[in-house]
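Asker: Here's the letter readout for the chains.
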Amino acid sequence: MNKGSQVASLPDPGIALFGFAQDNRGELYVLGNTTGLLSGTTGTVLRITSR
Amino acid sequence: MVAQWRLTDRKATHLMVDPSSRRELLRIDKPQFNHNGGEIAFGPDGNLYIAVGDGGAADDQGPGHVSAGNAQSLAPGNVLGKVLRIDPRGHDSANGRYGIPRRNPFVGRDGADEIWAYGFRNPYRFSVDSRSGTLVVGDVGQNDIEEVDAVRPGRNYGWPVKEGSFLFDNGGDGAGFVTQRSPGIPAGLVDPVLEYDHTAPGGVRCGGGAPPSACQGIAVVGGYVYRGHDVKVLAATTCSATTRGPSRRRWGACS
Numbered sequence: 001m002n003k004g005s006q007v008a009s010l011p012d013p014g015i016a017l018f019g020f021a022q023d024n025r026g027e028l029y030v031l032g033n034t035t036g037l038l039s040g041t042t043g044t045v046l047r048i049t050s051r
Numbered sequence: 001m002v003a004q005w006r007l008t009d010r011k012a013t014h015l016m017v018d019p020s021s022r023r024e025l026l027r028i029d030k031p032q033f034n035h036n037g038g039e040i041a042f043g044p045d046g047n048l049y050i051a052v053g054d055g056g057a058a059d060d061q062g063p064g065h066v067s068a069g070n071a072q073s074l075a076p077g078n079v080l081g082k083v084l085r086i087d088p089r090g091h092d093s094a095n096g097r098y099g100i101p102r103r104n105p106f107v108g109r110d111g112a113d114e115i116w117a118y119g120f121r122n123p124y125r126f127s128v129d130s131r132s133g134t135l136v137v138g139d140v141g142q143n144d145i146e147e148v149d150a151v152r153p154g155r156n157y158g159w160p161v162k163e164g165s166f167l168f169d170n171g172g173d174g175a176g177f178v179t180q181r182s183p184g185i186p187a188g189l190v191d192p193v194l195e196y197d198h199t200a201p202g203g204v205r206c207g208g209g210a211p212p213s214a215c216q217g218i219a220v221v222g223g224y225v226y227r228g229h230d231v232k233v234l235a236a237t238t239c240s241a242t243t244r245g246p247s248r249r250r251w252g253a254c255s
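Residue numbers (this note's numbering), protein chains in the order written: chain A, 1 to 51; chain B, 1 to 255.
For the record, the hints were derived by calculation from the structure and aren't laboratory data. The reader is advised that the hints may include incorrect statements.
[Claimed, not checked] Beyond 10 Å from chain A on every Cβ pair, some chain B residues (computed):
# : residue
1 : 18
2 : 24
3 : 96
4 : 109
5 : 143
[Unchecked claim] The following label-pair restraints were derived from C-beta to C-beta distances:
# : chain 1 : residue 1 : chain 2 : residue 2 : range
6 : A       : 40        : B       : 14        : 19 to 27 Å
7 : A       : 47        : B       : 205       : 43 to 51 Å
8 : A       : 44        : B       : 14        : 14 to 22 Å
[Said to hold, decoys possible] Footprint (simulated), chain B over chain A, 3 or more residues, beta carbon under 8 Å:
#  : segment
9  : 15 to 21
10 : 26 to 32
11 : 41 to 50
Idealized CB from N, CA, C, for every residue including glycine.
In isolation and in its complexed conformation, chain B is listed as follows (with noise of 0.2 Å):
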């Protein structure tokens, strides 16, 4: 669900809003307990960003989901899996609530209007890059690759097909696996700006008996790129982190 209350005063010291102002936009399907509905931004062009995860439980497949996953399909309506772009001062979307931007690419073609970019599993977390403008997301992965995407309108970032730049199997009735890297191939998947796996040197699986050290991470949170000044090394890197690990200890990641 996304809704929308209004501040009491924009001018105010410590900004609050108004309880009573509270307006529901929209409302997504979910099918399973987790991909759930991720982070929400503006970006520089005023419209919100929304992202969404496949449905849930493992795979994109199963029930909630349709036969080829979620995150690929452009059947009406179908937005999970998806990072969508809104305009919450208009009213022109199918429910009256919310403004379809008119330059959203899935406008005039297969694909709900809502659609900015798809192929996605869960991306938790992203953010617009203040220079560029360009949508920075994190999508975790499900067993082995977790991957940070520049997103532009209309790309296909893989999910089920691939995880991260791997070949994905979905183990039919049993349990995906990657199979082999595959950068550029099959073509029209973007592969990520960055990537990183849940094994450590010598094969032991991070969070499965690999020491915290040895380990990139696993659910890969982000990513931003870095505009301050205050810490010359990042300039103008991407960076992300990780949410779980053995230790409950958790590290930051730029490239």
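Just chain A, with the same shape it has in the complex (with noise of 0.2 Å):
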């Protein structure tokens, strides 16, 4: 049973997403790698944009 608020959700971004960041311009990035791990180099850095 969802207990919660109601949210929407995004497309799947496919990574391991450990935060986010905004530029000055208020746009919004996803921050994250393909591993889930904290070492090695899938590091990715997406910007959230209309389809």
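With the hints as a guide, bring both chains together as one complex.
Answerer: Shown next as structure tokens:
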């Protein structure tokens, strides 16, 4: 049973997500990697855009 | 630990820090392996906001925790389960390495002078809304409820009395658990602006067999108020996301 508030989901970014960032225009970025681990070379910064 | 470095050249195209300029501002006890330091960020006031977990393990109890939970404690020096605000340019703190903004809510009363707000479990990520200046904190829940809080100075965000808007029982020597939804009660605890649980429709646990498509997530990251223009549907919404799930895929949530 869902006990929480209603939220709307964005499409799956396909990465293990560790944080957001925001530029001075207010646009949002998603930071993560494809392994979910703290080491490695798969770090990714994605920008949230319209489809 | 919070430390400071200086840039070699503030006008350079590619900014770099001077490794020899390191200056330690503060250290905080780390009683358990988890719920350590989280986000640090400057606010529009030029002060530095620091998110600190409740000391770790579970239920905000056990070694390194005080009896009613670190997050609820305003005992001298207890900064666990809090968001702090300091002035890195000042020197009037107890160790003389940073300043205490004189309008911090606990200056001159019970509670460490550095505390901006309290009652957090693991405020792993937060942002400062560029328009309103509001601190928007993602506070990771224990087993049931993830929450995003719009944080105001001096307020109490509930943990471990509540997990999200639900009452929390620490379980004594056993595992803690939520009991019932209790919005606004007990008085004095601020409920989140956004919360979601770990259970999919039908009662299957997310991370315990529920399909990812039926889950809203586990371990909140966020949140951010969208102030951009490129994604009209997100205008002025608060966005968060989850860090862990059975497929290692993560979703954003905006409300």
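Asker: Evaluate each hint against the coordinates.
Answerer: Hint-by-hint comparison with the structure:
no., hint, verdict
1, 18, "24 Å, holds"
2, 24, "23 Å, holds"
3, 96, "32 Å, holds"
4, 109, "33 Å, holds"
5, 143, "12 Å, holds"
6, A:40 x B:14: 19 to 27 Å, "24 Å, holds"
7, A:47 x B:205: 43 to 51 Å, "33 Å, violated"
8, A:44 x B:14: 14 to 22 Å, "21 Å, holds"
9, 15 to 21, "holds (count 6)"
10, 26 to 32, "holds (count 5)"
11, 41 to 50, "holds (count 3)"
In the structure shown, a violation is registered for the earlier hint numbered 7 alone.
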